Amino acid sequence: MQLLERFAAGDLEAFEVLFRQHQKEVYAWTLRIVRDTGIAEDLTVETFWRIYKHRAGFKPDGNFRAWARRIATNAALDHLRHARHEITLPENLPCAASPDGAVSRETRDSIHRAFHELPAKYRLVATLALVEEESYNNIAEATGISESLVKVRVFRAVRMLRKKLNSLRPEVQTK
Amino acid sequence: MSNQEIDKEMEELLKQAVAPVQDTELRRDLWPQMLRKLEEPPLPTHNVPWFDWALASLAAAALLFFPGLIPALFYHL
Chain A
1 MQLLERFAAG DLEAFEVLFR QHQKEVYAWT LRIVRDTGIA EDLTVETFWR IYKHRAGFKP
61 DGNFRAWARR IATNAALDHL RHARHEITLP ENLPCAASPD GAVSRETRDS IHRAFHELPA
121 KYRLVATLAL VEEESYNNIA EATGISESLV KVRVFRAVRM LRKKLNSLRP EVQTK
Chain B
1 MSNQEIDKEM EELLKQAVAP VQDTELRRDL WPQMLRKLEE PPLPTHNVPW FDWALASLAA
61 AALLFFPGLI PALFYHL
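So the sequence lines, in the order shown, correspond to chains A and B. Number 175 marks the last residue of the first sequence (this note's numbering); no jumps. Number 77 marks the last residue of the second sequence (this note's numbering); no jumps.
Don't take each hint at face value.
[Said to hold, decoys possible] Restricting the straight-line Cα-Cα distance to at most 20 Å, the calculated cross-link-like pairs of lysine to aspartate or glutamate (EDC-like) are:
{"hint": "1", "chain 1": "B", "residue 1": "K37", "chain 2": "A", "residue 2": "E141"}
{"hint": "2", "chain 1": "A", "residue 1": "K163", "chain 2": "B", "residue 2": "E9"}
{"hint": "3", "chain 1": "A", "residue 1": "K121", "chain 2": "B", "residue 2": "E11"}
{"hint": "4", "chain 1": "A", "residue 1": "K163", "chain 2": "B", "residue 2": "D52"}
{"hint": "5", "chain 1": "A", "residue 1": "K53", "chain 2": "A", "residue 2": "E106"}
Source of the hints: derived by calculation from the structure; they are not laboratory data. Remember, it's a predicted structure, so these values are computed and weren't measured experimentally.
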C-alpha cells in the first residue's frame, strides 16, 4: 500500500511521514503570508490538523503538495481575517532597502498601517504577488481562484491601498 | 499622471516599505506539537454562548430588514 493510500486510510505513521516531508514547505509558505514565525508555526500545525481531519476526502492519486498548500493558504487567510484588527506596528519594521532613501519612516509606517487594514483576501494576494513576487499562477492554485481573479484582486488591493494611504497621510498622496 | 502610473508608483512604494521574508527556514520539528493537537479532545459542538446566538439573530434581522447591507457584508468576508 502506497504512503498516500495509507494516509487516506487513517494510518498515523503515514501521516507522520507526510508531515515530516512537507512541514518545512508549508511553514515557509505560511510565513510568507502571515510574516510572523510563531504564528506560522501554529498555522502549520493547524494546516496539518485540517489535512488529517479531511484525509478521507483526499484522493491518493492526487497532488498532496498542492492540496497541503491550498489548505495552508485557507488557514492563513482565516488568521488574517480574525487578526486584522489586532495588528500593532513594531518599533523596527522590516523594510526593503531603499538606496535613495525615497521612503521615509513615517511613509513606511503609513503604508504598513494601510496595508494591514486591507480586507484579508486582498492583503493575501497583494502580499504574495507584490511583496513576495510569487507568480499569479501559483497564487491562483493556492487560493483556488482563477489567475484573472488574482490579477483583479491585486489591482483592487493597490487601488484600496492608495485610497487608504491618501486618507491616512495626505502628504504622501501620489500626484 | 495616469491612474496606471499612480498604481505602479503605489506598488513600488509597497515594495520599498514591506520587505519579502528572507529567512523561511523552520528551526524546529513541529511533530510533537502536532501530536499534542491530535490528542486534544474534540470541542463540544454545543458550547456556543447565548450572546453569540443573540448577535447572530440581530445580524440576521438586520440583513432581513436592510438587504442593502448584504453586499457590504460580502465585501468584508
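How the hints compare with the structure:
1. B/K37 - A/E141: 28 Å, violated
2. A/K163 - B/E9: At roughly 13 Å apart (the allowed maximum being 20 Å), B/E9 and A/K163 satisfy the hint.
3. A/K121 - B/E11: Answer holds: A/K121 to B/E11 is near 17 Å, not above 20 Å.
4. A/K163 - B/D52: Given pair A/K163, B/D52 is violated - Cα atoms ~34 Å apart, limit 20 Å.
5. A/K53 - A/E106: This hinted pair is violated, its Cα atoms lying about 45 Å apart.
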